[in-house]
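> So the protein sequences, as listed, match chains A and B.
Counting from 1, one number per residue, gives the positions in the first sequence under the working numbering.
Counting from 1, one number per residue, gives the positions in the second sequence under the working numbering.
No lab work stands behind these hints: they were computed from the structure.
Since this is a predicted model, take the numbers as computed values, not measurements.
A few of these clues could be false.
Stated by the list, open to error - Straight-line C-alpha distance at most 27 Å; calculated DSS-like pairs for lysine-lysine: (1) B/28 x B/47; (2) A/71 x B/28; (3) B/28 x A/47; (4) A/71 x A/28; (5) A/71 x B/47; (6) B/47 x A/28; (7) A/28 x A/47; (8) B/28 x B/71; (9) B/28 x A/28.
To be verified - Covered, in the sense of this in silico footprint (three residues per stretch, anywhere, with C-beta under 8 Å from a C-beta of chain B), are these stretches of chain A: (10) 34-42; (11) 85-93.
The beta carbon of each residue, even a glycine, is placed where N, CA and C say it ideally should be.
The lines below spell out each chain.
Number of protein chains: 2
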Amino acid sequence: MTDLYLEDFSVGRRFTSTAHTLDAEQIKTFARQFDPQPFHLDEDAAKNSFFHGLAASGWHTAAITMSLLVKSGMPIAGGLIGAGGELTWPRPTRPGDTLIVESEVLAVTPSRSRPERGMITVRSITRNQNGEAVQDMTTRMLVWRRPV
Amino acid sequence: MTDLYLEDFSVGRRFTSTAHTLDAEQIKTFARQFDPQPFHLDEDAAKNSFFHGLAASGWHTAAITMSLLVKSGMPIAGGLIGAGGELTWPRPTRPGDTLIVESEVLAVTPSRSRPERGMITVRSITRNQNGEAVQDMTTRMLVWRRPV
């Protein structure tokens, strides 16, 4: 898909990423560095936790989601530059899960003060191999107008 | 600090984490795996980008924030379990930045249906060594009541 400019986005346009499968080792490696809690690090400790089994850090799910968006999810010209957003994790990401990201454009907002740019609001749902949402995220991203 | 239960949280209570300094190599290592875009990977490419210089992925800033919260930011009994939240990145995180996280409890909400638990709403601002906010995040976290 060629790079997309503000003019190429319309409300309701959808994108689907390729897939990423994660395993227990990826979950633990991320957790050791960024979220060193027993339920992300150790199967036995996780069994008796809130998660009832090893679960990925929500921030790991978020990072994988970003990697899928960057590599395959939405080819914004100039890159994916987020201003922020909101996210929830409706259920845990587990070892062996295969994740894809489905995105839908919710709003396209040209900038009033800067004619060369605008923002899009995008809802990206990260689903596992059973179609269950493991992350539901809405972000605002910077998008450039097509150069004249 | 001893582990904290729902009864220990009150609106306005504040927490400050220890510090984490990041360098260009950490920024690039995270980006290679999770956000492989030129402005997170290469100083020269970043110079001519929106960021005018190498910048960390926002998700890297989020992950470092989580690590600071887990290691030193807020000792919730049973761990930090987030249901979701919203975040913005008011300015980029740069190589050499030293980050700390300042958190403040915005709300304490006992569960109506599950007497053993509740939720707290926490605003966590991640600041660099100049006191500038690089991330402003509000999350809802699960907190247990003190066992009787």
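> With reference to the structure, classify each hint as holding or not holding.
Verification of the hints:
| no. | hint | result |
| --- | --- | --- |
| 1 | B/28 x B/47 | 15 Å, holds |
| 2 | A/71 x B/28 | 16 Å, holds |
| 3 | B/28 x A/47 | 34 Å, violated |
| 4 | A/71 x A/28 | 23 Å, holds |
| 5 | A/71 x B/47 | 22 Å, holds |
| 6 | B/47 x A/28 | 34 Å, violated |
| 7 | A/28 x A/47 | 15 Å, holds |
| 8 | B/28 x B/71 | 23 Å, holds |
| 9 | B/28 x A/28 | 20 Å, holds |
| 10 | 34-42 | holds (count 6) |
| 11 | 85-93 | holds (count 5) |
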